[in-house]
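Participant: Take the sequences, apply the hints, and build the full model.
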Amino acid sequence: MSAPHAIGVETLHMTKRFGDFTALDEVSIRIAPGSFHALLGENGAGKSTLVKCMMGFYQPTAGQMLIDGREAEIRNPRDAHAAGLGMVYQHFTLVPSLTAAENLVIAREDAPAVIDWKKEREGLQAFVETMPFRVALDQPVNRLSAGEKQKLELLKQLYLGRHFLILDEPTSVLTPSEADELLGMVRGLTSAGALTCLMITHKFREVTAFADAVSVLRRGAHVGGGRVGELTHDDMAAMMIGDKTLTRSAARAGEKGDVVLSLEGISAADRSGLKTIDVDSLHVAAGEVVGIAGVSGNGQMELMEVLTGQRPVSRGSVSVKSVTFRGTRRQARELKVRFLPEEPLQNACAGRMSVAENLSFRSYDLNGKGTRFWLDRAAMGRLAVRLVDAFKVKTASIESPIASLSGGNVQRAVLARELSDEVDLLIIANPCFGLDFSAVAEIRARIMAARNAGAAVLLISEDLDEILELSDRVLVMSEGRIAYETSIETLDVGELGRHMAGHA
Amino acid sequence: MTLTSSLNAGPAPVAPAAGRGRSAGALDRRIEAFALPLGALVAGLAVFALFLMMVGKSPAEFYGLVFKAGFGTAFSWENTLARASPLLLAALCVAIPARLGLVVIGGEGAIVLGGVAAGAFGMYLTGLGSSMGILGMAVSAICVGGVWIGLVGALRYRRGVNETISSLLLAYIAIALMNHFVEGPLRDPASLNKPSTAPLEDAYRIGAMPGLDVHGGLAVGILACVFSWILIERTAWGFSARIVGGNIRAAQIQGLPVGWLMTGFCALAGGFAGLAGMLEVAAVHGSANGSLAGGYGYTGILIAFLARHNMLAIIPVAVLLAGFEASSGLIQRRMDLPDATILVLQGIVFISILISETFTGRLGLSTLWRKTS
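Heads up: the sequence lines are chains B and L, in that order.
My numbering puts the first residue of the first sequence at 59, with every later residue one more than the last.
My numbering puts the first residue of the second sequence at 138, with every later residue one more than the last.
No lab work stands behind these hints: they were computed from the structure.
A short list of chain B residues far from chain L (calculated; beta carbon distances all over 12 Å):
(1) 120
(2) 130
(3) 153
(4) 171
(5) 183
(6) 202
(7) 204
(8) 245
(9) 299
(10) 336
(11) 343
(12) 373
(13) 379
(14) 548
Label-pair restraints from in silico Cβ distances:
(15) B:479 / L:297: 34 to 40 Å
(16) L:496 / B:189: 50 to 56 Å
(17) B:70 / L:170: 54 to 60 Å
(18) L:296 / B:547: 49 to 55 Å
(19) B:166 / L:476: 50 to 56 Å
If you want a taste of the chain L side facing chain B, the calculated C-beta under 8 Å gives, among others:
(20) 371
(21) 372
(22) 376
(23) 379
(24) 380
(25) 383
(26) 384
(27) 387
(28) 391
(29) 392
(30) 393
Ideal Cβ positions, reconstructed from N, Cα and C, are used throughout, including at glycine.
Facilitator: Structure (structure tokens):
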């Protein structure tokens with residue numbers, strides 16, 4: 059298999075470009091053998107790209123990688139495995155219906171066609187004896203808790219002879235005590251010199267408690283790092299977020315008006331059904347942008363679904379202009395509520411329907427103030443031509459399926475549909491995710507224009523720059539709760555970063 | 138101010154680029170809508186020809202006989218058209234839910250229960266006169282069929298039950314219910330060999346259309362297709378349904394009543410299937426019996442997919458498939474092939490239709506066409 063000791067890995071000027079976009083810019087990081095190294099960075103900072111290059115999922119555009127001081131060529135994940143590199147993902151890669159022992163054996167690349175289970179079990183037993191922790195080998199994986207599953211993932215990597223492990227947010231699905239136990243084990247293995255570990259994380263607490271060293275990426279570049287004992291949380295937050303200046307893209311105008319959206323005592327189940335999302339109180343007034351910042355997966359998506367009426371609440375209510383809002387078409391029209399969900403092609407468009415049809419989703423059943431029964435296809439065509447023109451949507455034709463448009467143009471089309479009339483409440487999630495620079499500026503300007511025209515805007519975004527650029531007030535969502543609130547004038551970026559990292 | 142009022146305020150500027158592109162994009166999609174199912178049909182027939190050669194029969198003779206028996210003479214045309222009428226309605230029962238993204242394959246269940254409802258109505262409520270009697274039978278069949286398939290839509294939305302499986306299983310339950318009724322509570326004691334409901338009185342029977350030896354069900358079927366096409370393509374309700382079919386999350390964000398749309402359109406689809414059962418009873422068999430489970434619901438699946446769930450395309454496709462079915466007797470006699478041979482042919486065509494769906498949007502037909510012309 060591979061060397062029976064911890065492996066050191068070093069990247070030299072590693073660069074990865076996707077088209078014009080530089081995801082990774084000359085990153086050089088040295089991870090010493092037997093160390094527990096943390097990799098910090100915001101969403102989109104290039105952490106995943108870096109580890110995917112190390113694991114051979116991507117080929118770097120330039121740069122090299124050294125394994126134990128020797129240049130190594132990793133063309134695919136198989137090469138990485140052969141060199142002793144392994145990865146534990148955020149989500150489980152175990153077969154739920156098989157036992158832990160079966161999962162371990164079938165993961166082996168040299169697993170025989172006919173498995174001699176007696177022999178394998180003896181081998182496994184001998185292997186587990188050498189490990190500092192136990193996992194129930196005979197239990198089907200679906201009976202294990204999340205913490206046990208993650209331990210088994212770790213055990214699997216060790217069993218497969220990997221001595222350099224990349225952990226990608228390994229604790230995001232674990233409770234704090236499970237997380238501590240798992241990371242304590244990793245810490246023990248690295249201290250004993252059996253393993254080197256590179257952990258992607260957002261949580262400063264885990265870095266301080268368990269890691270030896272830290273590297274920080276920002277916008278694809280390696281911006282700093284060092285030994286954990288020598289860095290404070292403020293230092294790390296500053297490196298992660300950078301010296302952001304509060305750039306205001308568009309001039310702000312208008313006065314803050316009455317409260318438009320209010321949430322009181324909302325409680326709903328999260329995606330996994332294991333945790334809850336609790337928002338005690340959230341108000342958005344006319345003429346202000348309230349930004350909800352946070353690391354992805356802290357309940358923002360569920361909050362959006364509660365607002366659109368897609369997710370049932372167990373308690374509490376959403377009201378718009380003092381009316382209980384249920385997300386029906388009629389209410390949305392009368393109260394002038396618009397939604398811009400993230401990934402508009404998946405959430406706000408019908409990909410195989412034409413651009414013209416998609417542009418008319420909000421108005422096809424309207425005739426003046428009333429509703430209509432017969433479609434007016436000529437009017438739908440005229441509307442499409444007008445909106446495509448006004449919002450500069452690049453499309454071969456208004457009859458093209460909307461799925462054939464680029465991401466920026468799909469977002470422009472959705473904005474055209476939702477912002478082309480008077481808007482009183484605009485609820486937006488990650489509007490610029492994956493878009494190029496010019497599209498981003500334009501879309502943010504449109505959001506700002508809606509605010510200046512008197513709309514109440516709730517902006518849920520994982521992009522802190524976007525939040526800082528657009529918001530009048532900033533809230534941080536963490537573990538399904540609003541953990542922090544500040545106005546933009548008194549905002550302290552370091553403080554914000556610490557709340558986002560789950561450490562107040 | 139609403140959008141539509143602002144739109145009518147003046148002549149809209151039509152960008153020349155958009156105007157030109159409009160025809161090319163639309164052309165691509167239109168060519169594809171014909172070329173894909175047609176290609177699949179031809180490929181299916183070709184594969185079936187290989188199958189015939191394997192069993193030592195002549196494909197030329199086979200297809201010649203199919204043409205002769207299905208479309209060769211005025212008599213064969215009438216036979217084919219009479220068979221097409223329940224197929225039109227059965228195909229709608231697949232095509233309408235399909236436009237909402239639901240694959241409902243249990244139309245057979247709504248057909249047999251619709252037939253039983255019509256038979257029971259005719260048995261117990263006699264002497265209403267021809268128009269009231271036929272209307273009553275039709276309404277009761279539509280209601281029963283509508284509830285049956287509406288249930289499939291409601292189960293899907295409210296409880297997440299897979300509509301394909303639930304509709305198929307409900308079809309088996311429906312057939313068992315039909316057998317229970319015609320062999321038990323509704324059985325006419327005079328029906329000895331084939332348990333049936335009591336024969337309908339003459340006033341309740343549907344006769345041939347004027348000038349054509351085809352019963353009036355054909356006109357009903359064609360009208361139902363045209364009605365459905367207008368509903369889906371030209372009304373706001375139909376557009377709402379298409380948004381649900383296009384992307385259910387987008388429909389929810391737009392605040393559409395997704396559950397009602399699913400239930401309502403499924404009920405409409407089931408109503409048409411129920412009507413097919415009523416027509417079989419009132420125009421063909423004269424009473425409800427086991428012949429109702431004649432597989433129309435399953436042939437309807439094939440027709441709807443061949444027509445790519447376009448309600449108007451269902452009309453010619455249903456006639457074509459009815460012609461195939463009409464020929465099975467002649468094939469059996471002349472070529473010494475079992476009458477299930479036509480089922481093999483239908484199965485092969487269906488598989489090739491499903492394969493052809495994967496080529497959607499990947500043919501680049503109009504570019505090809507522009508290059509060659």
